[in-house]
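Asks: Chains A and B are the protein sequences, given in the same order. In this text, residue positions in the first sequence follow the working numbering: the first is 98, and each later residue adds one. In this text, residue positions in the second sequence follow the working numbering: the first is 383, and each later residue adds one.
None of these hints come from the bench; they were simulated from the model. Quantities reported herein were computed from a predicted structural model and do not represent experimental measurements. Possibly wrong hints are sitting among the right ones.
In silico negatives: residues of chain B with every beta carbon more than 12 Å from chain A [stated by the list, open to error]:
hint, residue
1, Phe451
2, Gln494
3, Asp565
4, Ser706
5, Pro733
Just the calculated beta-carbon pair ranges, DEER-fashion [unchecked claim]:
hint, chain 1, residue 1, chain 2, residue 2, range
6, B, Thr455, A, Gly374, 41 to 49 Å
7, B, Glu735, A, Ser272, 53 to 61 Å
8, A, Ala276, B, Gly669, 41 to 49 Å
Each residue gets a CB set at the ideal place from its N, CA and C atoms; glycine is no exception.
Below, each chain spelled out in residue letters.
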Amino acid sequence: MSAALAGSADFTHKAARREARIISIAIWLTLIVGFGLTALIYAPVTWLGILSVSGDPLSGLPGSFTLHWYASLLTDTRWLDPLIVSIEIAATVSVLCMISATLVGRALPRMKRGRGVIMTAFLLPLVVPGIVVGIDVFIYYRMFFGIKMGVWSIVLVHFVWAFPFALIGMLVVSSRFDARLLEAAADLGASPWRRFWDIERPLLSSGVATAGMFGFLLSLTELPRSIFVAARTQTLPLFTWAETMSRGSHVSLIYCLNSLIAVVSVALSVLSVWLLGRRLKS
Amino acid sequence: MSAVELIDLPIPAARRAVPALDAVGIVHRYGGVTALDHVALTVDEGEFLTILGPSGSGKTTLLRVIGGFETPTEAETLAIAGVDVRGLPPNHREVATVFQHYALFPHMTVGQNVEYGLKVRGIMPAGRRKRAEEALGLVRLSDKYGRRIDQLSGGEKQRVAFARALVTEPRILLLDEPMGALDEKLRREMQVEVRALQRELKATFIQVTHSQEEALTMSDRVVVMNRGRIEQLGTPADIFGRPATRFVAAFMGMTNIIDGVAGIPGPGLVLLDAVGHTLHGVWSGNGQPVAGQPAFAAIHPHRVALNPPRDVGWTCLDGIARASAYKGAYTEVTVETGIGGVTASIAGPAPAEGSPVTVGWHGSECAIGPAEEARA
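Construct the complete structure from the given sequences, taking the supplied hints into account.
Replies: Here it is, written out as structure tokens:
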């Protein structure tokens with residue numbers, strides 16, 4: 098009797114150990130794949146950063162470290178005007194994203210029917226290639242709506258590009274919003290405006306901020322759509338692209354410029370993810 | 383305007399004259415479903431009324447109609463403290479709700495939650511704070527003013543929800559299954575506490591629940607609802623011991639329900655003829671019984687006695703003991719009799735299965751009502 102019991106206990110132990118081992122292998126695999134993918138993304142950026150402080154970036158090898166190229170950014174300021182244009186466009190796209198993502202993001206979770214179809218329709222532009230969108234806008238909008246190519250056509254394609262991301266950022270927050278809180282506020286005497294201002298606005302604010310951040314960052318670094326609709330307007334990505342293509346003597350500046358853009362982008366992304374995470378936790 | 387001035391008179395008698403809630407002819411339909419079917423209800427100032435029913439009975443819809451969250455399809459009268467509230471949104475009604483899931487604002491502290499109803503009424507911060515602290519004192523949470531909502535336990539959240547609703551001094555406090563999310567022990571404590579609070583404040587409470595225990599222990603009066611209609615309105619003792627309909631009898635746990643025909647009404651007692659047996663009981667249906675009308679007799683298992691005295695007013699049924707089930711505080715035994723199985727909850731040991739047993743009850747313990755309730 099006792100021997101049988103001991104045997105079964107032993108068996109359970111073995112099974113439990115095997116299961117624990119499989120789980121730990123799965124965790125390690127996930128970590129390796131995850132870190133691997135992350136490294137694929139960050140390694141080139143880091144390499145770029147290292148080259149930007151190297152004596153001869155064009156050789157492709159780091160060495161004789163110097164801040165010379167960064168210093169020359171201060172003397173050769175041709176990048177400044179494109180940067181200002183880019184920031185203006187990005188800020189406009191950011192505001193558009195915040196407003197539209199808030200409107201749509203509030204409404205979608207409350208829809209009883211057709212939510213899936215509408216959500217898919219809104220998110221579909223994520224998978225339409227950028228070049229196609231650029232050409233489409235260039236051909237279609239110019240012909241049928243007479244849109245002049247320039248700043249506003251860039252704003253348009255950037256907004257189309259960034260909106261699905263902004264909406265996702267908003268939906269992460271708004272789909273968790275408990276509409277019963279609004280009933281409770283109404284019950285306590287709050288007018289519709291007060292319900293929005295006191296309850297919805299603070300609880301959705303991190304979603305709004307995320308939407309704006311997505312709009313800003315995606316616009317700031319967007320290239321393929323801009324190429325077709327920019328006309329003579331020059332954004333920072335268009336400028337760096339043109340400089341890279343020109344094989345001119347100022348190519349080294351591009352290393353510095355892109356490193357700076359990468360640092361700013363990552364900082365803003367981390368900030369928005371942190372904001373979002375903090376809200377979800379509470 | 384005159385109605386408003388009238389209810390503001392500080393004379394208790396004048397206030398008593400206007401009920402806290404007056405509802406007549408409330409109909410509510412969702413698509414093809416009738417959630418409320420000509421419901422009429424009057425609740426007095428200072429009363430604790432419980433709306434009891436199974437899910438889908440329309441009890442929550444009725445509460446939401448009173449709160450203003452649902453606009454009824456039809457309403458002949460819907461007045462709160464004499465004010466016609468038909469067409470008034472929730473924020474213009476002098477009611478406050480304690481929601482089942484509390485619905486506390488997660489981005490505000492306990493104090494800010496409680497003060498919210500005062501803030502939207504334009505009361506200055508100092509006054510708000512004083513009244514919020516009083517309200518928190520009522521629910522014994524004075525020390526939690528600055529806490530975040532996620533730092534509270536379930537029971538504390540519920541108390542905050544009470545304080546938040548009470549602080550605006552609503553004419554009616556609506557309670558939507560307020561104990562639903564609490565564990566058994568806490569629920570019992572809160573039942574007593576909420577009842578004491580209501581008595582202390584002399585406030586009007588309307589509670590919705592599916593728990594008969596909650597309804598019986600807390601209320602002045604109970605409304606039993608079924609399929610959008612009011613089945614019975616009465617004191618807890620009426621509802622429990624004198625069910626007017628078969629549905630109420632079954633819902634209140636009368637597992638012994640016997641069909642038959644009403645006999646000739648005697649002094650106090652009514653007879654029910656069921657397959658050759660005469661059962662003693664008290665008429666508890668609406669109106670007067672008519673000899674020969676189809677009727678039911680219903681009795682709680684714990685009011686059925688083993689070996690009852692063969693005296694006047696007693697119903698005695700001979701039978702054979704069948705299955706018994708140990709329930710801790712009592713034992714449930716089923717006895718096969720001439721009118722079918724009769725369940726008795728008894729304190730002592732159960733009779734052996736197959737042994738001959740007599741079960742019975744005194745007529746005053748048995749409710750007799752009409753087989754089909756004729757509805758207005």
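Asks: Taking the hints in turn, state whether each one holds.
Replies: Against the structure, the hints come out as follows:
{"no.": "1", "hint": "Phe451", "verdict": "violated (6 Å)"}
{"no.": "2", "hint": "Gln494", "verdict": "violated (10 Å)"}
{"no.": "3", "hint": "Asp565", "verdict": "holds (22 Å)"}
{"no.": "4", "hint": "Ser706", "verdict": "holds (35 Å)"}
{"no.": "5", "hint": "Pro733", "verdict": "holds (40 Å)"}
{"no.": "6", "hint": "B:Thr455 to A:Gly374: 41 to 49 Å", "verdict": "holds (46 Å)"}
{"no.": "7", "hint": "B:Glu735 to A:Ser272: 53 to 61 Å", "verdict": "holds (58 Å)"}
{"no.": "8", "hint": "A:Ala276 to B:Gly669: 41 to 49 Å", "verdict": "holds (46 Å)"}
Hints 1 and 2 from the earlier list are contradicted by this structure; the remaining hints agree with it.
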